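J.: Here is what each chain is made of, one letter per residue.
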Amino acid sequence: MRTRNLSAGRVFAWIAMITFLVVTIFPFWWMVRTALTPAGDLFTDNAGLLPHDPTFINFLRVLGLTTEAEARAAGGSGAKIDFARYLLNSIIYCGLIAGFQTLFCAMAGYAFARLRFPGRDAVFAILIAALMVPPIFTLLPNFILVKDLGLINTMAGMVAPTILMTPFAVFFLRQFFLSLPRDVEEAAILDGNGPWGIFWRIALPMSRGPLITIGLTTIVWAWKDFLWPLLVGRGEDNRLVTVALGVFRQQSPNTAPDWTGLMAASTLSVLPVLILLVFMGKRLVQSLNFTGSK
Amino acid sequence: MKTKRRDDRRAAWWFLLPVLVGFAVFYGYPAIRGAWYSVTDYTMLNQPSFVGADNYTELARDGEFWHSLLVTVWYVVLNIGSQTLLALGVASLMHRLTRSTVLRAALLLPWLVPNVTVGLLWMWLLDTNLGFVNHLLTSLGVGPVGFLTDATWAMPSVAAINTWAYTGYTALLLYAGMLQIPQYLYESAAIDGANEWRMFRRITLPLLRPVLALVLVVSLIGSFQIFDTIAVTTFGGPVSATRVIYYFIYEQAFRYFHMGYAAAAAICLALILGVLTAIQMRLLRASRSDLA
Chain H
1 MRTRNLSAGR VFAWIAMITF LVVTIFPFWW MVRTALTPAG DLFTDNAGLL PHDPTFINFL
61 RVLGLTTEAE ARAAGGSGAK IDFARYLLNS IIYCGLIAGF QTLFCAMAGY AFARLRFPGR
121 DAVFAILIAA LMVPPIFTLL PNFILVKDLG LINTMAGMVA PTILMTPFAV FFLRQFFLSL
181 PRDVEEAAIL DGNGPWGIFW RIALPMSRGP LITIGLTTIV WAWKDFLWPL LVGRGEDNRL
241 VTVALGVFRQ QSPNTAPDWT GLMAASTLSV LPVLILLVFM GKRLVQSLNF TGSK
Chain X
1 MKTKRRDDRR AAWWFLLPVL VGFAVFYGYP AIRGAWYSVT DYTMLNQPSF VGADNYTELA
61 RDGEFWHSLL VTVWYVVLNI GSQTLLALGV ASLMHRLTRS TVLRAALLLP WLVPNVTVGL
121 LWMWLLDTNL GFVNHLLTSL GVGPVGFLTD ATWAMPSVAA INTWAYTGYT ALLLYAGMLQ
181 IPQYLYESAA IDGANEWRMF RRITLPLLRP VLALVLVVSL IGSFQIFDTI AVTTFGGPVS
241 ATRVIYYFIY EQAFRYFHMG YAAAAAICLA LILGVLTAIQ MRLLRASRSD LA
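Just so you know, the sequences run in chain order H and X.
So that you can map any letter, position 217 of the first sequence is 217 in the UniProt record's numbering, and since no number is skipped, the others follow by simple counting.
So that you can map any letter, position 88 of the second sequence is 88 in the UniProt record's numbering, and since no number is skipped, the others follow by simple counting.
Calculated directly from the structure, the hints in this document are not laboratory data.
This one's a predicted model, so the numbers in the text were calculated from it and none came from an experiment.
Just so it is clear, CB atoms sit at the ideal spot from N, CA and C, and this is done for glycine as well.
Please note: incorrect hints may appear among the correct ones.
[Said to hold, decoys possible] Which residues of chain X face chain H? A few of them, derived with a C-beta cut under 8 Å, are:
1) Val21
2) Tyr27
3) Arg33
4) Leu108
5) Pro144
6) Val145
7) Gly168
8) Arg255
9) Met259
10) Gly274
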């Protein structure tokens, strides 16, 4: 049966699948290939899969590891660019948001699922209504609020709106805690544990999977964040990778953009998620089954 | 029993404290402030002064606003249309061919990358003089085409870029839905001599419908909020060809400092998205009950 199925139709299906895969992956290859090309060769050396004369200079100069003169000679504009710093900023930003947001939302999700207190359902309904509020609606007032608090160009201002909560995570984790069997918790109550004890010692360890799912998804979204950090964290010190890429693009002359530098910087922005994909690929793929309803 | 209940109440507020503070300060309060700004004249330099519905009546007369809505809808149609069809195709191929995790991870890669990176990457590939795509086209005797610099091509190009970025992700969501369809349906259809196309039409498509509808609405909501790609590639140009509603609001607020006006436009967009989200919620409930 199987072998007979390996007929024209199946071969054709595989060809379609592989074509799609090539179209998906090739642009990344071309990005790396351009990053490895000397800027002066772009006009002459733009056809082969590999550059004739590969160089790491573009990476070095966007990482701020060359002198200004060297960067200029390699095609840079001379403006200060330090992607080592921007990468670090992005990693801190993602770590802070993913860590705290997951913890706080787990606490709230647990309270909504298990604790009994007056007004529980009403408060939960209001939180869920926030799912319907599109980010653009709160973006302008939040910007003014952060500006009034004097937090422009600080990491605190950048993480403020997301570090405490996101309605979806509360909703998602509450659903999970509701599905946990109650008897383990009841046994813990008999052992004299209060709500905190049960949460830390029982509920959290039992929900490692969903917590990792939410944490990973949050990291991915935070890594992609652009508009909010652009408005609040444009300054050199706290600039994220995405914002730095946008600024780099704007500083680059429109007539002859610094393509090799831009592609080197773009490659650096992909590297961390690629590492995440290699080590956590299976989890990430599975997380789509959970969050598909997001 | 009574004592336990009182304990819960005290603990519950501590459990909820961070989330409630975050909600009140960064969702509730700004929502009210945003609504207030939309009926004021406010430039961030003056105190907001009440102007009634002026911002809204001005929006209704503003050709640029309507143009941005039109352009957004054009983008959504192009993007969602191509993305959904392609994703459906890829998901069906995967469903009938392989369960490889490596393949799925590879398909996910463009979605994991920041939109800003995607925009830059494709700006380079689509560059009129040196871009790889035009290199291919000229070797075939066509072009070069100014994909992002020609007013006719700019929006289809942006839509294609984001279709590239999101098709794999969408396909995986649909694929997850397909995995819930019982395998025996396909086996018995195969015994009855049905071909793949017929199985797709008669089994996959009808049983996937709740998931498909949900994925469609989620993509639609995301698609309406396109901003990043345009903010690094075309800046809304050439001649407003890609000035989508998000970009319009962004420029009104942070380039011209018409905060009140921008807030009013944001509320109009929020209403559109609110309707779409309400539909999503309904579908969420529907799909749960269908596949439970």
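J.: If a hint holds in the structure, say so; if it does not, say that too.
T.: Evaluated hints:
1. Val21: Cβ of X:Val21 sits 6 Å from chain H, so the hint holds.
2. Tyr27: The hint holds - X:Tyr27 has a Cβ within 8 Å of chain H, the shortest such distance being about 5 Å.
3. Arg33: 4 Å, holds
4. Leu108: 6 Å, holds
5. Pro144: It is violated, given that the least Cβ distance between X:Pro144 and chain H is near 13 Å, above 8 Å.
6. Val145: Status violated, d = 17 Å.
7. Gly168: Result: holds, 6 Å to nearest chain H Cβ.
8. Arg255: Interface hint status for X:Arg255: violated (12 Å vs cutoff 8 Å).
9. Met259: 6 Å, holds
10. Gly274: 5 Å, holds
Of the hints listed earlier, those the structure fails to meet are numbers 5, 6 and 8, in rising order.
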